[in-house]
Amino acid sequence: GIQVEQSPPDLILQEGANSTLRCNFSDSVNNLQWFHQNPWGQLINLFYIPSGTKQNGRLSATTVATERYSLLYISSSQTTDSGVYFCAVEYGKLTFGQGTILTVHP
Amino acid sequence: DAGVIQSPRHEVTEMGQEVTLRCKPISGHNSLFWYRQTMMRGLELLIYFNNNVPIDDSGMPEDRFSAKMPNASFSTLKIQPSEPRDSAVYFCASRRQGEGYTFGSGTRLTVV
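Chain order of the listed sequences is A and B.
Numbering-wise, this note's numbering comes out as the position in the first sequence, counting from 1, plus 28.
Numbering-wise, this note's numbering comes out as the position in the second sequence, counting from 1, plus 229.
Among the hints, erroneous ones may be present.
[Claimed, not checked] Derived DSS-like pairs (lysine-lysine); straight-line CA-CA distance at most 27 Å:
1) A:Lys121 to B:Lys297
2) A:Lys121 to B:Lys307
3) A:Lys121 to B:Lys253
Hint data in this document are derived by calculation from the structure and do not stem from the laboratory.
Bound-form chain A, shown alone (with noise of 0.2 Å):
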């Protein structure tokens, strides 16, 4: 099946920095999503970007489908954006990521 890979597994913020998550993955794919899992663990649709570039606020998402990767950007990180982040891609079904964990301290 499909690999999915995402780095950091772990990432530590002060409040107001930037950061860069980074999915991988092991073949062409009809659909990605960003997704955040808060502590209460809902899980959150971020982007639906299978391919080109988004923005939502403070977030955005970039998906380059022909060299099977995408990156999310979080800019003035919060102390809300703490949680997982997860990339899932769909070539048939949904497969997630292991995810990033994120903590962004005050």
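Add chain B to chain A, keeping to what the hints say.
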């Protein structure tokens, strides 16, 4: 739009008992998915339905697990008999073709 609704939010049961998890997808979404999340294995797809028809159940761990979708607005995931290793968070998600997935809040199952 109330989102994907799952019930119960938490379930504690004794080993050997039957457990039924419920999901109401978003109206107009034609695909429904059941996922399980554990520390060891992360998020795994158990089964998914298109237009109420089961398409891929290869992720269902064993015969103790079964899922149904009797209509477009309701699905159940049943475990009978339950075992401690079934303890996990079970998520339901739905989507409209060509769009992203929306997940419910999950059911945290503890089997003692």
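Right, here's what the structure says about each hint:
{"no.": "1", "hint": "A:Lys121 to B:Lys297", "verdict": "holds (19 Å)"}
{"no.": "2", "hint": "A:Lys121 to B:Lys307", "verdict": "holds (21 Å)"}
{"no.": "3", "hint": "A:Lys121 to B:Lys253", "verdict": "holds (20 Å)"}
Checked against the numbered hints listed earlier, the structure breaks none of them; every hint is satisfied.
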